[in-house]
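Once you've looked at the hints, dock chain Y against the given chain L.
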Amino acid sequence: MTDSGHKHTRAARLAKYLMGGPPLLFLLLLFAVPSVIMVLASFRYPGEFGGLAPLTAADPNTLQGVTLETYQFFFSDLIYIKVFIKSFFMALATTLICLIMAYPLALLIALSPKKNRNLMVLMVILPFASNFLIRVYAWMIILGPQSVLSQLVNNFLHLFGNAPVHLLFSPFAVLIAMVYVHLPFMVLPLYSNLEKHDPSLLDAAQDLGANGWQRFWRVTFPLSLPGIFSGSALVFIPVLGMFAIPDILGGTGDMLIGNLIKEQFIGTRDWPFGSTLSIMLTIAVLLIAWLAAKLGGHRGHYA
Amino acid sequence: MAQLEIRNVTRCFGDLIAVDNVSLNVEAGEFFTLLGPSGCGKTTLLRMIAGFDLPDSGQILLDGKDLANIPAEKRPIHTVFQSYALFPHMTVAENISFPLRMARRSKAEINKMLHVALEQVHLTDKASAYPHELSGGQNQRVALARGLVNRPLLLLLDEPLGALDAKLRQEMQIDLINLQREVGITFVFVTHAQVEALALSHRIAVMDQGKIVQVDEPAKLYSFPKTRFVADFIGHINQFEAQVVKPSHGHLCLAISGLGEIIAPPLEGVVAGDKGVFAIRPEQVRISAHSELTELKNHFSGVVHDLLYRGEVSLYKVKLANGAMNEALLPNSAPGRAELFEVGDTVNLGWRHDAGIFFHD
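Quick note, the sequences are listed as chains L and Y, same order.
Per numbering that gives the first Met the number 0, residue 0 is the first one in the first sequence, and the count goes up by one each step.
Per numbering that gives the first Met the number 0, residue 0 is the first one in the second sequence, and the count goes up by one each step.
Here chain L stands alone, though its shape is the one from the complex (with noise of 0.2 angstroms):
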């Protein structure tokens, strides 16, 4: 009886090894080794041409060794920590803009009867179904200088006698692409929340004297606290790290972390200043998850 209670324990140990490590080690090899290397390297001497510089060489002349100048560099130019502002108030706006066009969406389809809520759900994620670049360049032609809406938006700011504007290259159209790409990653969330809230409760609230603006702000609302935090981390953190949409749709003024990161690899190819940004935003962003954490904790404990 023992003995194959023991023997139990040992296949089932087993199995979950088996189950567990594969992933485990994926997440160890092509996650924490990488950010290890990050970090290291934030600490080196950008080679000559990218890469690193070596940790020792023949020629004192040459760069080498290690260094805390990258540091130094990101914080003695407040230009960095603009863009990381900049940065965080894209998010920001964003996760807002997300928010309030979301929650109606997702309320809406949680109260729609059950036999019509998956092809709701379907239809927000559909535009997953073709290429992220293609759907951004699709901006660019909605937002172009030719296109209906400029025309639209020139014509009418001309009857008031306001100068024509650029809708693309602007910092507007990295917020409009920003928005569309992640809107689903506000919606999906808070569907699922608000579809397990029991309606029951909004009854109650009304049998006890709540007006239907009530019972959304006593009710529906609290209760939806954990899916707007999970939302949210879903739009804000992706936002923060995006380089593509800037890139295609923002001027040249509308640099973001991402492009500043991609901008260090790709084109002056100073690795190590790329790695010390790459580090300042992920310390940032789980600042922000551990801010979120702590607000949305003691509120979550019902969900």
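Some clues are possibly wrong.
Okay, the calculated beta carbon distance ranges per label pair [what the hints assert, rightly or not]:
1) Pro198/L to Leu307/Y: 40 to 46 angstroms
2) Arg12/L to Glu181/Y: 38 to 44 angstroms
3) Ser82/Y to Met119/L: 26 to 32 angstroms
4) Arg116/L to Gly183/Y: 19 to 25 angstroms
5) Leu307/Y to Ala10/L: 46 to 52 angstroms
6) Ala291/L to Ser82/Y: 29 to 35 angstroms
7) Arg12/L to Lys106/Y: 37 to 43 angstroms
8) Leu15/Y to Arg116/L: 54 to 60 angstroms
9) Trp289/L to Ser105/Y: 56 to 62 angstroms
10) Cys11/Y to Gly19/L: 54 to 60 angstroms
11) Gly19/L to Leu307/Y: 50 to 56 angstroms
12) Ile16/Y to Arg116/L: 29 to 35 angstroms
Just so you know, these hints were derived from the structure itself, not from any lab.
Since this is a predicted model, take the numbers as computed values, not measurements.
We put the CB at the ideal spot given by N, CA and C, even for glycine.
For chain Y alone, kept in the frame of chain L given last:
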């Protein structure tokens, strides 16, 4: 004038008539129960009183005022839901004070009323706990306090004891009776559990297929059911196909095929030859091994077919000469009493001539 008046209310869902021309009066301060099997329309009726649903025709009046154009949130009627529907993100105190805040009462008033309500349901020490930290019985009491705290004219209770285990349910029944007496608020209680209805109510309305079948006090309902449905639904009852032999002044003489003639209580308006059903409660049937029951006008012999020992009582299912089953209930007051019958024993059954009821077809 009755506090709650339901006048000819009908509600249909497609082809189904959920509530069929129902009229009822509930007096102020009454503990009134709507009793019926599931699907009889009692919950639909309750939802219309609460304001979650509207009648297709008919009127619902509270203190003489038609509720038709008053939305649920404006009615001075609160509900205790079957699932309690407590707000999971609010503490006990926040849950209970919710209706007070919705009614825009002052802070001082809220605190005072909350305090009283917490005391009434013995939950003062749980005020800052969340519903998921409480037991089912405690959540039940929170739901009750939340329904009562703002002093509604009417409290509706939708099978509120259904989710509790048997022992706790009995305790809650007693609490509920005491609470209702204490607060003096009219209760309209919906249940399919007849034992609960009998124990709690001042009056019971039995519903079947959307119609009110009988409205009476518990003891009257149990002893003098007006229809076979009521007799069968409330408690157990033995039924025999019977035919009137002779309706005389003081009693009724009935013939039961295969058994012979019996004497039953009189019934107005029956003539010889009328067919129907004679019904008698198991506890009115006496059972004995000897022939001492011959002093009773109605007595038969039979064979014990099944025996259910229930602790406080034993239920004997006795097969009579005509093949019909008759249930008899014996209290087990004396331990190891002599007359414990076994399956297969031949026994005598009998009942008084004024026991039982004849239902005319």
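Numbered hints the structure breaks, given as an ascending list
2, 4, 7, 8 and 9
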